Amino acid sequence: MALPKGRIDVRMKTSLLALFLVAATHSVCWSAVGCDLNDPDRDVVRLFPASTGYKTSYVSIAKKGGEGLLLKVEKRLGDKFRGIYETIDVPYTIYEIYTGNKKIGYIHGVNQKGQFGGIQVFLALDLHGRIQSFYIQKMTSRHAGKLRDAKFGNQFAGLTLKDFDLYDVVTGNATGKVAAIRNPVPEADIDFRAALRATKKNLVLMDEFVFSENQPVSKEGEMLK
Amino acid sequence: MRSMSKILLSPLFLLLLSDAGIASDYLFYFEGQGIVGYSSAQKKPIYYSMDPHAEMQKPSIGFDYIGRFSGETGDVASLAVQGRFALTVDDDNYKFEPQLYNAYLKVKAGWPYVWIGHNRPAFGLSAYLDSHGLLLRTLAMQGFGYDRDWGAGITRDFSWGDFAASFTTASGMPIYFKGNYMAASRVAYGVLNRDNMNLGFSLAYGRNLETMGYELIDDDPREMMLAGTDLTLLRDNFEHRIDLLAGEWLGEETYAFFYRFGIDLLQEGRLKAEAQPVYWKFGGTENYQISLCFSSQVSLSLTVRLSYTYDHAPDDSRVLLQLYYYRPI
Chain A
356 MALPKGRIDV
366 RMKTSLLALF
376 LVAATHSVCW
386 SAVGCDLNDP
396 DRDVVRLFPA
406 STGYKTSYVS
416 IAKKGGEGLL
426 LKVEKRLGDK
436 FRGIYETIDV
446 PYTIYEIYTG
456 NKKIGYIHGV
466 NQKGQFGGIQ
476 VFLALDLHGR
486 IQSFYIQKMT
496 SRHAGKLRDA
506 KFGNQFAGLT
516 LKDFDLYDVV
526 TGNATGKVAA
536 IRNPVPEADI
546 DFRAALRATK
556 KNLVLMDEFV
566 FSENQPVSKE
576 GEMLK
Chain B
738 MRSMSKILLS
748 PLFLLLLSDA
758 GIASDYLFYF
768 EGQGIVGYSS
778 AQKKPIYYSM
788 DPHAEMQKPS
798 IGFDYIGRFS
808 GETGDVASLA
818 VQGRFALTVD
828 DDNYKFEPQL
838 YNAYLKVKAG
848 WPYVWIGHNR
858 PAFGLSAYLD
868 SHGLLLRTLA
878 MQGFGYDRDW
888 GAGITRDFSW
898 GDFAASFTTA
908 SGMPIYFKGN
918 YMAASRVAYG
928 VLNRDNMNLG
938 FSLAYGRNLE
948 TMGYELIDDD
958 PREMMLAGTD
968 LTLLRDNFEH
978 RIDLLAGEWL
988 GEETYAFFYR
998 FGIDLLQEGR
1008 LKAEAQPVYW
1018 KFGGTENYQI
1028 SLCFSSQVSL
1038 SLTVRLSYTY
1048 DHAPDDSRVL
1058 LQLYYYRPI
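Same order as they appear, the protein sequences are chains A and B.
Take 356 as the starting number for the first sequence in the working numbering and just add one per residue.
Take 738 as the starting number for the second sequence in the working numbering and just add one per residue.
Chain A on its own, in the form it takes in the complex:
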């Protein structure tokens, strides 16, 4: 596939320049950082001991609803999406958990800006969106051990999006059950608040991606209660 010399010099140099320009002119486009379980086989069984299998699927705000959905998610979160981990085309990995061929729950993780790089917060949810388990996968902070400890994670068990609706991700103010969640490492307050924001974001996204979709809908298009 070698090309003849000489004649193509200008064309080739133009091509090289074009590759630079293509990249440079796309600099305003936003890209994607997904969030997968390290070892789904191990993690799924740990989070859902009764499970026998799981299915992996990918969904993004861009494909699911575009700008309109992004605005809706931001409104429900109470904060703007910003940074590498919160772009419209981030592919979210959703694990549907099965016992035999019966679905028993979901696992979903999100990336969140922490004090040192990104942290990854996974939630194991039942079919109604209630938190079964809270799990910080990636966190490079020296205090990661305490925030990964089961004692900290257990404080999230049983909570739902309704509980997190009472948490302000911008100010950190909370009422209700979320206010009762204690930070085990005061020095890691940035990561603690990042974990709470990630949890609310995770719940809002799962509600939009999965639970709202699964709601029975009346003929008039309104959700049935």
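It is worth saying that the hints were derived from the structure and are not from the lab.
Note that this is a predicted model, so its numbers are computed, not measured.
Certain hints may be false.
[Stated by the list, open to error] Pair by pair, the computed Cβ-Cβ distance ranges are:
no.	chain 1	residue 1	chain 2	residue 2	range
1	B	1029	A	405	50 to 56 angstroms
2	B	832	A	483	57 to 63 angstroms
3	B	808	A	430	36 to 42 angstroms
4	A	504	B	1031	32 to 38 angstroms
[Said to hold, decoys possible] Which chain A residues stay away from chain B? Per the calculated CB distances, all over 12 angstroms, these:
no.	residue
5	506
6	525
7	531
Glycine included, each C-beta is placed from N, C-alpha and C at the ideal position.
Dock chain B against chain A, hints included.
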């Protein structure tokens, strides 16, 4: 070349055949990069990161595809295909070259996962560190091993770490059958994302072919018997990666040492500085390289990397600028 092009195009057909629903069972990324640099030894601009014949960075466009296959009760397999059309500029010659990195099917087979195709051999840091878009070279990229190789392997994660073994053709990017083979295994303590550390021990044995990119340097397979250890350590915004190997490589007594220190200077990894000394002794020759690299994620699809490498043996100082673009489709 024609068959390679067909392989590279196959994911596009898979994409067209896939369900275009809202939730999908695949990820598909576009990748593009431009690279330009200057070599003091050559006294001229260069358009590649390592060598015109090596598979490392060149101006290219490509893709990254991963698809999942599920039954009624869960996932059963995944397919990964990652390829590029690269432009090789060597003096006044220009050549378009299809390159295939990942091209493997990974199947759940009870106790382990089993993969078959073109994937990472189970040896050293390159068994899990993806360098296919980076400027800094690992030992495998430097030529002590293969970043990808054709064959089959098994992987298994445990609560305490992981184990991998592979049996490959020992030819790297191309496939040759000239009595060449490589058996490798690696056992590691620590789950990197969970424990912020991973300590691996590797062994490999075989008869290897010397290749560079798709070029066969020597068609006579040589003895290979290596032991290695590698370590990745993450703490706060610091990263340490160490890779050591010793034994016989391509029939020559070989020792190699690699260390990469990285520091995230901005949140979300927006700006990273890395320093990397590498030393090796291969037969009667010794060499060392010292590299520095700054990576800036100027937008969320675009990373700009600027690197400097001093290569002692050729007395070459090399400066490289890379624009690397990667986004989902």
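*Distance rule for residue 525 of chain A, whose beta carbon must clear each one in chain B by more than 12 angstroms*: 17 angstroms, holds
*How does the Cβ-Cβ distance of residue 808 of chain B and residue 430 of chain A compare with 36 to 42 angstroms: does it lie in that range?*
39 angstroms, holds
*Please settle this one: residue 531 of chain A was flagged as non-interface, so is its CB more than 12 angstroms from every CB on chain B?*
30 angstroms, holds
*Go ahead and decide if the range 50 to 56 angstroms is satisfied by the Cβ distance of residue 1029 of chain B to residue 405 of chain A.*
52 angstroms, holds
*Does the Cβ pair residue 832 of chain B, residue 483 of chain A satisfy 57 to 63 angstroms?*
59 angstroms, holds
*Do the beta carbons of residue 504 of chain A and residue 1031 of chain B sit within 32 to 38 angstroms of each other?*
36 angstroms, holds
_Would the non-interface assignment of residue 506 of chain A survive a Cβ cutoff of 12 angstroms against chain B?_
At roughly 17 angstroms from the nearest Cβ of chain B, residue 506 of chain A sits farther out than 12 angstroms, so the non-interface label holds.
Consistency with the previously given hints is maintained throughout, with no hint failing.
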